[in-house]
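A.B. asks: So the sequence lines, in the order shown, correspond to chains U, G, S and H.
If you read the first sequence in the working numbering, its first letter stands for residue 1, the second for the next number, and so on.
If you read the second sequence in the working numbering, its first letter stands for residue 1, the second for the next number, and so on.
If you read the third sequence in the working numbering, its first letter stands for residue 1, the second for the next number, and so on.
If you read the fourth sequence in the working numbering, its first letter stands for residue 1, the second for the next number, and so on.
One thing to keep in mind: the hints can contain errors.
[What the hints assert, rightly or not] Facing chain U, according to a computed beta carbon distance under 8 Å, are these residues of chain H, among others:
(1) Ala194
(2) Gln195
(3) Gly196
(4) His329
(5) Lys349
(6) Leu364
Note that these hints are calculated values from the structure, not bench results.
Built from N, CA and C at the ideal position, the CB exists for glycine as well.
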Amino acid sequence: MAIQASEKGPTSSFGERLASFWRSASVPIMAILLAALIGAIILLLSGANPIDAYAALFKGSFSNARAIGRTLEKATPLILGGLAVAFAFKGGLFNIGGQGQLLIGAIVSAAIGFGLGGLPFIIHMPLALIGGAIAGALYASIAGALKAYTGAHEVITTIMLNFVAINITDFLANGPWKDEGIVARTPAILETAAIPKLDNIPLGFFIAVAVAIIIWYLLFRTTLGFEIRTVGLNPNAAKYSGILVARLTVLTMAISGFLAGLGGSIETLGVVGRFQPGFNVGLGFDGITIALLARTHPLAVIPAAILIGAMQAGSSQMQFDAKVSFEIIDVIQALILFFVSAEMIVRWILRIRADGDGGVRLSSGWGQG
Amino acid sequence: AQDCASADVLCVGLVTDVGEIDDKSFNQSAWEGVQMAANELGAQVEYIETQDAKDYLTNIALFADNGYDIIVTVGFALGEATLEAAAQYPEIKFIGVDQFQGAAVENVAGLIFPEDKSGFLAGALAGMLTQTGTIAAVLGTDLVPPVVAFKEGYEAGARYVNYDVELISTYHPGGLDVAFTDPEWGASTARQAIDLGADVVFGAGGKTGNGALIEVAGTEGLYCIGVDSDQWETVPEAHPCLVSSAMKLITPGVFDTIQSIVDGTFAGGNVVGAVGLAPFHDFDGSVPQDIKDRLEQIRVLLETDAISTGYNPGG
Amino acid sequence: MTSNVALANNRSWLDFLRKTGVWVGILVVVAAIYGYTTEPQVTTSMLASTLRQSTPLVLGALCGLLGERSGVINIGIEGQMLLSAFVGFLANVYTGNLFIAVAAGVLTGALLGGLLAFMSVTLKMDQIIGGTVINILALGLTGFFYQTGLTTQGKLQPIALGPLADLPLVGPVLFENPPITYLAIILVFIMHYMLFYTRWGLRTRAIGEHPRAADTVGINVNRMRYINVSIAGGIAGLAGAFLTLEAVGSFERAMTNGRGFVALAVMIFGKYMPFGVWGSALLFGFATALQTQLQFSGTIQIPHQFIGMLPYVLTIVVLAGFVGRTRPPAAEGQPYETE
Amino acid sequence: MNNADKQVVLEAHGISKHFPGVIANNNVDLTLHKGEILALLGENGAGKSTLMNVLYGLYHPTEGEIWIKGEKVHLQSPRDAIDHGIGMVHQHFQLVPVMTVAENVILGSEVTTAGGRLNMRQAARQVNELSQKYGLAVDPSAMIEDLPVGIQQRVEIIKALYRQADILILDEPTAVLTPQEANELFHIMRELTAQGVSIIFITHKLKEVLAVADQIAVLRRGEMVGTVLPSEATEASLAEMMVGRNVILQVEKSAAHPGDVILKVEDLAVLDDRKTSVVNGVSLEVRAGEVLGIAGVQGNGQRELVEALTGIRSVASGHFFIQGHDATHYTPRQITMLEVAHIPEDREKHGLVMAYPIEDNTVLNQYYVQPYSHNSIVDRGAIRSHANALVKEFDVRTSSVTALASTLSGGNKQKVIVAREFSKPVKLLIAAQPTRGIDVGSIEFIHKQIIKQRDNGVAVLLVSAELDEIMSLSDRIAVMFEGHIMATLPIAEATREKLGLLMAGSHS
Ligand SMILES: Nc1ncnc2c1ncn2[C@@H]1O[C@H](COP(=O)(O)OP(=O)(O)OP(=O)(O)O)[C@@H](O)[C@H]1O
Ligand SMILES: Nc1ncnc2c1ncn2[C@@H]1O[C@H](COP(=O)(O)OP(=O)(O)OP(=O)(O)O)[C@@H](O)[C@H]1O
Ligand SMILES: [Mg+2]
Ligand SMILES: [Mg+2]
């Protein structure tokens with residue numbers, strides 16, 4: 001397994017920076033435009049008016065403070081899900097298990113949120129937040145440890161662990177941690193565990209942005225980040241340079257799971273208010289699209305997540321105004337993923353030279369070490 | 001379209017639970033009730049399909065902000081969002097399908113159905129129809145209360161008429177995201193039940209249950225029973241076996257509640273909708289009269305609470 | 001590494017069979033006979049259910065196997081199955097001809113296989129991402145274009161194989177099935193023969209293990225990958241057709257419900273061998289049938305979620321090597337660069 | 001010998017091959033006569049493999065013509081080349097490890113029975129016939145991955161012969177062979193030419209060229225420098241043709257002044273990946289200021305010994321001490337901290353992170369200490385000035401230290417590793433195959449650096465498969481065979497013959 005993504009040294013002049021920004025941003029931007037174009041064609045074929053549809057999509061996501069608030073709320077777990085995938089990519093791991101880690105994080109933070117009474121906000125909320133994240137980290141480190149010590153490929157183990165997580169959380173929500181009454185869900189979290197909203201803007205969004213910055217700093221400015229990237233790019237050389245690769249693999253996966261779990265915590269404490277089966281479906285897979293759209297850069301994850309979040313936030317408005325069903329969003333998202341990965345097409349359209357930057361190559365055999 | 005904000009235009013909006021409007025199940029039945037209001041009351045109607053459970057409130061607000069007068073929300077999962085919206089928009093009336101109201105709120109009608117009674121009737125029918133003495137139920141997930149109610153009622157009803165009946169029932173093993181959309185599992189499971197000797201199969205779990213019905217239809221001489229609406233209309237593939245359906249009459253329930261709002265007789269709190277068995281359709285001739293009589297007798301007893309289904313979700 | 005030779009070579013495939021297959025086989029036969037003598041109905045129903053539940057998994061896993069043997073990882077089986085199920089269903093609705101419908105499903109799968117080949121061979125995209133694209137796309141397209149009110153015109157019916165069908169136990173279980181179920185079993189044998197005893201098979205295994213070696217002896221690696229991945233897609237398409245045209249008789253959104261991913265697990269569990277795949281699909285099918293049976297009989301009070309997660313936990317256990325190592329084809333996941 | 005009398009079997013005219021940014025071959029002419037061995041020489045990257053790949057149809061030339069047996073050909077793919085009787089044994093073997101010899105041989109030209117079933121019995125028979133005819137003993141049913149490289153090479157040759165090749169291209173066939181195996185190969189080559197096969201033989205080893213070639217062609221930077229007869233050439237003249245200047249083949253060094261024992265190994269045993277013991281009770285000592293060379297055919301436990309001494313592989317039994325510390329169970333980093341430098345044998349796999357800029361590669365062994373990081377925070381400025389200094393001092397040819405390591409040529413990659421390892425205090429240097437596959441100019445530079453370290457009092461453990469390298473750098477030579485040290489000789493007593501015998505496992 002190797003990532004072909006390369007690490008550019010910091011460039012100096014402003015012009016160079018701009019050029020390098022365009023080099024790395026042009027492909028995602030073109031990918032989005034191409035996907036939107038093909039989406040429009042599909043809309044036309046189905047008899048809908050794409051201009052109305054996209055206008056409604058925009059209206060539902062950015063037209064007023066509440067729409068923006070909703071977009072940011074949607075973007076919050078997506079940032080963390082995207083970071084989880086991007087971070088693992090940097091360490092040479094493909095974490096498809098964001099969904100499962102998020103579920104585990106969500107239910108554990110809910111349990112702390114409703115189970116520990118008598119704590120002040122200043123302790124309770126952070127405790128529930130971090131508790132969920134740590135649960136996600138522990139859950140992900142199962143896949144990390146299996147990879148590090150038995151060679152089991154994380155793509156398969158994380159997919160399997162996603163299914164297992166659904167079963168575990170359903171069991172808990174309908175069993176030991178079930179709320180009173182007939183509905184399968186945990187009790188609501190206590191007031192002291194809830195993440196407040198500032199007007200329309202959910203505070204969780206700022207937590208996510210702060211985490212993205214921390215992850216960027218961690219990856220590019222600390223020795224731990226250096227080690228993680230080294231393992232990601234060449235685990236053999238990492239071993240020779242004295243890095244304990246197996247341990248670092250577990251740690252990378254744990255941090256990745258921490259991020260996904262944190263996404264679940266924020267959802268629980270800031271949006272849903274409890275754990276309820278069916279409330280956190282599909283978030284994990286969006287992380288892959290976002291991470292690739294961001295070309296695995298932690299800071300670029302933020303705009304990528306806002307874009308996808310906006311599409312989700314606006315989809316109801318699109319249904320309402322343009323009578324277009326929300327599945328078109330899935331189609332567009334698949335196309336974005338396609339074009340952003342199929343760089344060759346985009347580069348051919350843009351007539352730009354490849355610079356070996358950001359291409360991801362993660363697949364290899366499932367079973368070897 | 002007309003302007004919903006104007007006072008003389010009646011606008012009714014519907015927000016689905018996660019899933020589609022055409023789910024051949026509760027979303028669809030509720031929507032048909034809203035459409036009735038369009039036809040009979042001249043209402044302007046619209047729906048939004050919810051994609052993400054966290055969007056309930058957002059989707060309700062889309063209607064509210066566009067001046068809708070009545071908003072129907074479908075499914076117990078929307079209960080909290082509905083109450084929250086009701087507080088936010090006191091001038092709008094809400095109809096919450098499957099949403100039990102603990103304390104009455106003036107502008108919310110909780111349209112609830114005693115599914116256990118419906119299931120009880122289906123179970124009684126199955127218990128009397130069976131030749132082999134084994135009847136089955138193929139169910140969605142126990143994460144959803146109405147499914148549990150149907151099951152418990154079904155089993156109690158079967159025992160009530162036929163104490164020795166062999167009951168085999170099973171829930172889908174997956175989570176909420178798959179339990180109602182797995183017709184293949186429903187079909188295989190129904191087949192497994194048939195191989196075990198079951199000759200009446202109750203399919204109660206959205207498309208999973210429909211899969212079971214269609215599977216049963218493939219073998220001659222077996223009966224199947226649908227759920228929620230009269231599935232004779234929604235699953236024509238099941239006609240060869242579909243003797244009846246355990247209905248909760250959502251469509252008339254929704255329409256009647258809308259009507260009561262228009263009439264001004266609406267008060268808030270729980271509205272108990274009707275339940276019952278669907279017509280026998282093609283089986284009308286083959287179901288013996290004594291069974292029909294017995295069912296009618298049980299229906300009356302249930303209605304008057306003279307017999308209990310034994311389903312007690314509270315405790 | 002000698003212990004891993006089992007993978008690619010038929011000599012040691014026999015070893016593998018000898019070591020595990022025989023024992024498992026004997027165990028199954030004994031259990032089945034015992035079951036049949038004590039609880040004939042339960043045994044028959046469970047075995048029939050096992051076979052049925054295993055069919056889409058066998059087909060999906062054969063699709064994965066052929067792709068990976070050729071060096072292309074296919075995590076888009078789920079999407080290939082779903083879209084094929086949809087198109088097969090539509091074809092049935094509009095033509096009423098089941099044969100045409102199955103063909104349409106297979107063709108759809110093959111086209112999606114071609115798309116995967118295009119992404120991984122021509123565009124040299126990461127193969128896991130390519131598969132993910134197919135999965136999301138299939139979910140979106142089927143959801144977007146599905147309309148209600150479409151009713152199929154019949155589904156594939158069981159064909160009793162003459163006197164064989166009258167045998168006790170094996171008759172109803174094995175010899176009274178609808179066509180795609182038979183076809184799945186036949187495909188296992190064909191795939192085994194083709195992979196290990198024919199020119200095509202030798203070349204297929206070579207391009208999955210060492211594409212450059214194949215190239216240097218004049219084998220067109222990329223063309224073969226295109227062909228094989230498309231054929232594999234066709235097999236996934238057959239699995240899709242099984243769902244709508246044989247097992248259920250109608251289409252629902254997202255009706256594959258993770259079977260494509262389980263098929264991947266089945267493939268790994270089956271150690272990339274057709275018969276191994278068949279055995280492990282039967283095991284997974286059995287787990288499902290068993291969990292249904294346990295609920296039916298109502299005697300065991302384990303929450304069903306725990307039984308529900310069994311197949312996934314099992315896969316992890318196998319992958320971790322706790323029950324013997326699997327070595328995937330060496331070149332899988334990497335695009336082949338000619339120049 | 002008069003070439004004009006011989007039939008020309010292969011002729012290349014004006015071959016050019018351009019890659020993006022690289023001209024690998026420029027207007028190259030090449031002529032091969034029937035039954036001759038044509039040696040092709042050239043530095044790394046001179047374009048030898050590229051030219052051969054063009055002749056084999058793997059690459060399409062940008063310009064130029066190819067004539068085979070008087071016929072102008074257009075080779076679209078290896079298939080066409082095979083059809084014209086060309087066979088090639090690649091620098092990296094093209095065998096499928098999990099298939100048998102027979103399967104590998106027939107791959108692409110399979111024999112089948114009527115039903116389309118592979119006829120493995122006939123395949124095995126044909127393999128046996130070929131191996132008898134040319135003295136290439138191999139078992140057709142053996143699995144490739146179980147065979148030693150020497151035998152694998154025979155399989156490659158059989159593969160070509162099976163396809164009825166009469167023009168055989170051997171790309172660096174001896175790089176992986178013992179001297180004895182190489183001699184066997186030369187016999188086989190002679191046998192083949194005697195039966196009318198013509199051979200193009202690529203190597204870096206000048207001695208071999210002089211020993212077996214009928215003609216020598218030299219490529220430099222993609223261009224044909226010229227063709228000479230072995231009788232008219234010497235090692236020095238060939239080296240000069242290759243590099244374009246005078247090359248000092250022998251390292252100048254003064255006598256050693258051994259000091260304290262820096263590395264002490266006692267009865268060390270190490271297992272390989274298959275859990276078989278490949279280092280069996282090795283004991284040795286290396287003193288400050290001396291070079292201990294470990295000679296031996298590859299695969300006799302040298303790699304595992306080095307891996308154990310650097311902490312990468314765990315030790316099964318025994319001990320080793322570095323500067324008096326028992327480092328037997330130390331992690332690689334703990335060992336590095338004992339002022340140990342390590343030049344790994346596979347520079348691309350183990351030595352460098354190709355996708356990192358050069359500057360990050362220069363701190364792989366010390367990014368975690370001052371001044372490159374403070375409290376776990378990396379100092380990019382310090383790293384950059386460090387890298388700039390090293391690039392200058394070690395003459396690494398690159399446009400910038402922010403260029404990716406993958407853009408460097410092999411010799412320059414190795415220089416980055418050497419620079420990095422020597423850029424911190426060193427007491428012990430463990431160098432494995434430090435100059436493998438790099439060109440003469442870079443070899444010269446790296447050899448000088450190693451001797452300089454020795455003269456500064458560093459203890460050097462040198463592992464190399466090149467006998468010439470061992471003999472020119474070492475002060476003492478230990479020969480390893482099947483995991484044992486056969487003998488340790490002072491340099492004065494070591495002769496090629498003695499060492500060769502010891503390497504083959506015989507006590508003289
Ligand atoms: N696949 C490639 N694509 C583009 N450029 C390449 C490629 N391979 C090598 N190069 C360039 O060609 C030049 C020489 O590289 P190469 O590694 O072949 O040198 P070399 O001296 O032959 O080294 P080695 O000892 O590793 O063979 C370098 O500048 C490298 O960037
Ligand atoms: N596929 C390729 N793409 C780009 N550049 C290439 C490619 N193959 C070879 N080159 C470049 O062409 C030049 C000649 O390489 P070639 O492999 O022919 O050298 P060589 O003489 O065989 O060297 P060595 O002794 O290292 O085997 C090098 O600079 C190399 O990097
Ligand atoms: Mg080279
Ligand atoms: Mg070469």
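A.B. asks: Could you run down the list of hints and mark each one as holding or not?
C.D. replies: Going down the list of hints, with the structure as the test:
1. Ala194: Status violated, d = 45 Å.
2. Gln195: 43 Å, violated
3. Gly196: 44 Å, violated
4. His329: His329/H check fails; min Cβ-Cβ to chain U is 14 Å, beyond 8 Å.
5. Lys349: For Lys349/H, the interface hint holds, since the closest Cβ of chain U sits about 5 Å away, which is under 8 Å.
6. Leu364: Holds. Min distance 4 Å.
Hint check: violations occur at hints 1, 2, 3 and 4; the rest are consistent with the structure.
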